[in-house]
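First to last, the protein sequences are chains A and B. Just remember that our numbering sits 14 ahead of the position in the first sequence, which is counted from 1. Just remember that our numbering sits 14 ahead of the position in the second sequence, which is counted from 1.
Be aware that one or more of the hints could be misleading.
Identical chains share a label here; the pair holds if one copy fits it or two copies do between them.
[Unchecked claim] Cut-off 25 Å, straight-line C-alpha distance, at most; resulting in silico cross-link-like pairs (SDA-like, lysine to any residue):
1) 161 <-> 204
2) 161 <-> 53
3) 200 <-> 132
4) 161 <-> 134
5) 95 <-> 107
6) 200 <-> 154
7) 95 <-> 16
8) 161 <-> 50
9) 161 <-> 195
It should be emphasised that the hints constitute simulated quantities derived from the structure, not laboratory data.
2 protein chains.
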Amino acid sequence: MATGLVLYGYWRSSAAYRVRIALNLKGVEYESRPVHLVREGGEQHAAAFREVNPQEMVPCLLDGDRVITQSLAIMEYLDEKYPELETSLLPMDARGRARVRALAMVVACDTHPLGNLRVLQRLESQFGADEAQRAEWSRYWIDTSFKALEVMLADNAATGRYCHGDSPSMADICLVPQYYNALRWKLPLDAYPTVRRICEACNELETFQRAAPEAQPDAPVPA
Amino acid sequence: MATGLVLYGYWRSSAAYRVRIALNLKGVEYESRPVHLVREGGEQHAAAFREVNPQEMVPCLLDGDRVITQSLAIMEYLDEKYPELETSLLPMDARGRARVRALAMVVACDTHPLGNLRVLQRLESQFGADEAQRAEWSRYWIDTSFKALEVMLADNAATGRYCHGDSPSMADICLVPQYYNALRWKLPLDAYPTVRRICEACNELETFQRAAPEAQPDAPVPA
């Protein structure tokens, strides 16, 4: 579906990865505008981008003259704008909606923000953290959250093929990019069999595959 | 309104503070069950509480047999359960809802999680950060976000007495506890006049005053 939507993102940004999955699940087309987060100190800090998003972060969705920031707010917006039941990112019942949002926020509030680029840069500048220490830090927080998510998913009858029942939701959309980061940081995954099973099921879907970092136009060409 | 709702919280937890404001704005009564986050290594890590919330964090809302975690998911749940227009925590239009959620998430995803208790504890254990360094870390992230929020609020015609128009929303609910933390860390506030004006307006409301940390039954008695 042609929509005129524009997504400012970066191939390896977890939060942009979430929005790409959401757009694919919704079946809506969008124009991708890469913002290089590393090159020349980070294009997100340039004046031109600061006018789009004063937070100097991706993702950022343009819908005509609307500028929408924050990946979860973007997903809620997409769910309200395209409310077709079969592509809903949230269940219909209040209990289920609360569960899916909470699972999504374990990642989006308590995990991902602790390991993103600007935090790792600050650990280096304030505490002299080297690469091994930054990796340890990142693994520590992913492990803490994945342990909790494993219990929340394994002990709940509402869990199905995906985090909530048998269609992917906002919870899976947040979980899969975090799982990608866990692999990147070489976190052993044996302690979270349900998390792993669900992420592998998601990654069999074309909608998730097409959103993966390596599938983006701005991803570096493999050597 | 008697509801049977139970809130697990802690007087100085920013995220619990948010939910207290939301419950007061909604005008719904609740039973408060304090979880002491510091005493004896933290009651949130005890087996009894881990069964309520495997993430070992507050807040957590009980509604009958429903357990709802994550402050933003709790607020969305309350807004769905008590949809009366005059106490809505979100505007009615899609653009406004996206704006309010994004403002809330600048705090809830990108600010607060970086300065909460467990992160400061980890900075101490992994990098030996002393109290001054932990304060510097906290101030750095609040300053980064408040600078962005100041632009997002001052440059937008939708801003009113509060973050969005003239009634308090989810954005104010997140902003005020973060402002409380900014004062606690002695962050100079001159650079964020709009943030400050809005928080002061909120703090004139009885609903916000009654939710303040020092007004809670588990707050220490002033010396």
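Numbers of unmet hints, in rising order: none
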